[in-house]
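Chain order of the listed sequences is A and B. If you read the first sequence in my numbering, its first letter stands for residue 1, the second for the next number, and so on. If you read the second sequence in my numbering, its first letter stands for residue 1, the second for the next number, and so on.
None of these hints come from the bench; they were simulated from the model. Hints are supplied without guarantee of correctness; some may be wrong.
To be verified - Across the chosen pairs, the derived CB separations fall in these ranges:
1. Thr148/A to Ala15/B: 21 to 31 Å
2. Leu181/B to Val577/A: 24 to 34 Å
3. Thr67/B to Pro600/A: 24 to 34 Å
4. Ala404/A to Thr67/B: 13 to 23 Å
5. Thr586/A to Ala15/B: 45 to 55 Å
6. Ala11/A to Glu172/B: 28 to 38 Å
7. Asn587/A to Gln32/B: 28 to 38 Å
8. Ala15/B to Pro544/A: 24 to 34 Å
9. Thr67/B to Leu418/A: 28 to 38 Å
10. Arg6/B to Pro412/A: 23 to 33 Å
11. Ala175/B to His566/A: 47 to 57 Å
12. Ser176/B to Val22/A: 51 to 61 Å
13. Val22/A to Arg6/B: 24 to 34 Å
14. Ser176/B to His604/A: 45 to 55 Å
Unchecked claim - A few chain A residues that don't get close to chain B, going by computed Cβ distances all over 10 Å:
15. Leu44
16. Pro154
17. Lys267
18. Leu277
19. Phe329
20. Asn558
21. Leu628
This one's a predicted model, so the numbers in the text were calculated from it and none came from an experiment. Even for Gly, the Cβ is constructed at its ideal location relative to N, Cα and C.
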Amino acid sequence: MIPELGHFALALAVALAFAQGVIGIFAPGLRDPRAMRAAPALALSHFLAIGAAFLGLIYAGVVSDFTVENVADFSSSAVPLIYRISGTWGNHDGSMVLWCFILSLCGATVAAFGQNLPASLRARVLGVLGLVSGGFLLFTLTVSDPFTRIWPPPLDGAGVNPILQDPGLAFHPPVLYTGYVGFSVAFAFAIAALIEGRIDAAWGRWVRPWALLSWCFLTSGIALGSWWSYYTLGWGGYWFWDPVENAALLPWLTGTALLHCAIVVEKREALKAWTVLLAIATFSLSLSGTFLVRSGILNSVHSFAAAPDQGLFILGLLGLTIGGSLLLFAIRAPVLAASGIYAPLSRESALVLNNIFLCSIAAVVFIGTLYPPFANLLFGIQLSVGAPFFNQTVLPLTAPLIFAMAIGPLMPWKRAALAPALQRLWLAAGAALIVFLAATAERHVIAALGLAGGIWVVIGALTDVAERIRLFRIPLGASVARLFVLPRAAVGATLGHIGFGVMVLGIAGMTLATQKVIVLTPGQSTELGGYSWTLNDIHDAPGPNYSQRVADLTVSKNGQPFLTLHPSRRFFTAQKVVTNDAAIHTNGFQDIYAVFADEPAGSHGAELRLNRHPMAPEIWFGGLIMALGGGISLSDRRLRVGAPSRNKKPEGAVA
Amino acid sequence: MSPLRRRLLFGIPLAVVVGGGTGFYTILRRMQENDYDPHALPSPLIGKRPPAFTLPGTAGMQGFSNTDLLAPPRPMLVNWFASWCVPCLQEAPMLAQLAKSGLTIWGIDFEDNAAGALQNFLAQNGNPYTRLASDASGLTAINWGVYGVPETYFIDKTGIVRWRYAGALTDEVVASTLNPLLKQYA
């Protein structure tokens with residue numbers, strides 16, 4: 001009964017979404033205030049309808065209703081409760097419902113919190129969101145219905161893919177989707193602005209919190225996914241340049257660019273058309289990222305395969321959404337004129353530079369990801385583009401970005417001079433140089449450059465704060481007092497930059513990782529990274545829906561044992577899959593990482609993969625700091641308080 | 001900028017998307033008709049000679065260049081590997097067995113920068129390679145179209161790549177593909 005109700009709620013949501021779309025887009029043109037007020041009400045009820053459908057699907061998973069095909073195929077009664085819930089979105093059909101649910105949540109939030117928006121703009125924004133949502137709901141309902149029943153029902157379900165039975169992955173899709181889908185609001189604002197033909201500072205102020213919120217989620221989602229692959233896939237990698245990862249990275253890059261240039265629209269009313277284009281591009285990349293990887297066109301480890309006819313439906317939807325919005329852009333955007341004027345050397349130019357680098361990286365990743373299928377299609381050449389290409393092309397583009405990142409925030413608006421900004425960075429430059437020299441003395445240059453770059457960004461960002469609170473120039477107490485009244489947007493921006501620097505430190509540190517793959521029998525030890533690793537024992541241990549073999553390892557330094565590790569091999573009997581559960585010990589600056597890879601026949605020992613990863617935790621720690629910075633920036637007064645009151649400029653920003 | 005040029009400029013994103021969309025449509029249609037498999041991972045080198053390269057030797061062994069592969073006396077394998085790669089470790093006994101049976105295997109060590117790691121690897125797993133070069137920068141790997149290590153290329157007596165296998169060589173692969181190739185090109 002519940003699945004039928006869910007199915008009905010889904011159908012209801014389609015109708016409500018299209019009504020929201022049509023009324024929202026056309027009501028402002030009719031100048032009918034009642035119709036314009038209908039849009040928020042429709043957005044809220046559309047959200048409630050999808051919410052009901054989503055709850056119905058979760059309910060079917062929780063009570064293990066195997067008459068529902070989706071539950072029978074992707075869950076089983078032996079799976080722990082949390083994975084029965086997360087299993088709901090661990091497959092194509094269910095994840096579509098989650099996707100639409102989050103999209104409608106975005107619409108409901110605009111409806112509920114957008115009271116300070118002009119009624120016509122709000123109606124149009126909701127209209128765009130309604131049309132997008134309606135399209136994808138229609139897709140879900142017609143060709144990927146998660147509520148399909150089967151008869152006779154199987155005795156037990158096929159189970160959740162063992163590799164997905166992990167807390168990190170239970171929350172990775174919702175967080176990542178919120179990031180992807182959140183950009184739909186910035187997109188809807190861009191389309192609404194193109195329809196209205198007007199973009200001003202207030203528009204920038206409305207768009208930015210939405211872009212920032214989705215950016216925070218996207219950053220956390222990517223970090224969570226990378227962390228998950230680091231500790232479950234068992235070979236210590238954290239980024240593989242897989243098409244699905246690239247699909248998440250692309251909107252992150254353009255979304256980061258959008259965050260930065262929306263500031264220019266807000267403060268200086270320049271770069272309007274470019275900001276609109278970035279808003280469209282970011283959501284378009286989110287959309288194509290989510291769906292093209294499912295169409296089976298791109299080679300990927302994420303096997304979310306949908307049938308090609310579903311692919312054609314999705315492609316049609318993408319074509320309408322992306323093509324339609326870019327057509328509107330081509331017609332309406334050329335008339336958007338910038339009113340703010342700035343010198344080639346200024347904060348505005350620094351932000352343009354940021355955009356150029358971020359978008360170049362995005363272009364390189366985009367081409368590298370799409371080149372193989374297109375080369376095959378156009379020239380019949382079959383080739384693969386892998387990590388070597390991306391490492392060689394993305395790193396050189398990241399270096400100038402890192403260099404400029406510390407300088408940009410120190411430049412004032414309108415017109416700046418390079419010398420004073422550089423002068424204030426002497427500490428960052430000195431520290432970076434020392435780190436570089438110390439690191440080149442024994443290690444290779446790339447790691448040294450990365451470490452120096454990370455230090456440069458972190459100290460550069462701190463310098464900005466020190467300037468703003470006039471540290472050491474006025475009494476310390478007064479500086480601390482200034483620290484607490486700094487605009488939260490400034491604190492958030494600083495944290496965002498520090499987080500990026502910390503992540504760069506982590507990535508650079510990882511290039512110094514030491515690894516060893518070795519077969520040990522109990523009692524034997526080996527040396528790696530200044531530690532002695534001893535295998536004490538291999539034994540069996542029980543698990544809820546798997547059996548496992550556990551290796552007990554002791555790690556000692558200078559003969560003193562300081563750590564025991566228990567990596568295991570898990571045998572999931574239902575799916576006949578073996579996973580390696582890595583044992584990771586971290587002290588915040590270094591991971592000691594052991595994987596029990598195999599028990600080679602005839603050796604009576606364990607094949608172990610031992611790793612020492614210096615700075616590895618900083619990669620995810622940095623991502624967390626970035627997301628936190630975004631969150632703090634979101635709580636800034638000017639975003640909470642609707643009236644566009646111009647804050648007094650902090651003195652530190654004036655050269 | 002003239003208004004017309006400005007209009008054309010703003011139409012570029014649309015043109016890119018229309019082009020991309022048409023491409024994807026064609027690919028999806030061909031996938032439906034089963035004459036396009038995006039998951040196949042064939043090598044661009046099949047039927048050709050390896051691209052120009054010269055790589056230094058490593059671990060005290062002689063390196064090689066593409067000219068050394070022009071006319072081997074017998075069919076041979078070029079094996080891409082790295083000491084940090086787990087499948088390479090799993091593949092090592094298979095390579096040792098092949099080397100023992102008389103097949104010539106030349107190795108290219110891919111992006112192995114940790115000091116002593118390669119020596120450890122060879123000491124523990126044996127050294128099946130007659131020559132061993134090092135591609136520390138990974139640039140030659142790009143030219144070869146290496147997807148990941150381990151990867152094995154079969155080169156015939158005329159120096160032409162006849163087969164590429166991505167992943168660890170297993171008994172099945174050797175029995176079903178490599179052995180017939182060795183007979184065919186003997």
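These are the hints, each one checked on the structure:
| no. | hint | result |
| --- | --- | --- |
| 1 | Thr148/A to Ala15/B: 21 to 31 Å | violated (40 Å) |
| 2 | Leu181/B to Val577/A: 24 to 34 Å | holds (32 Å) |
| 3 | Thr67/B to Pro600/A: 24 to 34 Å | violated (39 Å) |
| 4 | Ala404/A to Thr67/B: 13 to 23 Å | violated (44 Å) |
| 5 | Thr586/A to Ala15/B: 45 to 55 Å | holds (49 Å) |
| 6 | Ala11/A to Glu172/B: 28 to 38 Å | violated (50 Å) |
| 7 | Asn587/A to Gln32/B: 28 to 38 Å | violated (54 Å) |
| 8 | Ala15/B to Pro544/A: 24 to 34 Å | violated (54 Å) |
| 9 | Thr67/B to Leu418/A: 28 to 38 Å | violated (51 Å) |
| 10 | Arg6/B to Pro412/A: 23 to 33 Å | holds (30 Å) |
| 11 | Ala175/B to His566/A: 47 to 57 Å | violated (38 Å) |
| 12 | Ser176/B to Val22/A: 51 to 61 Å | holds (59 Å) |
| 13 | Val22/A to Arg6/B: 24 to 34 Å | holds (32 Å) |
| 14 | Ser176/B to His604/A: 45 to 55 Å | violated (31 Å) |
| 15 | Leu44 | holds (33 Å) |
| 16 | Pro154 | holds (29 Å) |
| 17 | Lys267 | holds (24 Å) |
| 18 | Leu277 | violated (6 Å) |
| 19 | Phe329 | violated (6 Å) |
| 20 | Asn558 | holds (21 Å) |
| 21 | Leu628 | holds (33 Å) |
Comparing the model with each earlier hint shows violations of hints 1, 3, 4, 6, 7, 8, 9, 11, 14, 18, 19; every other hint is respected.
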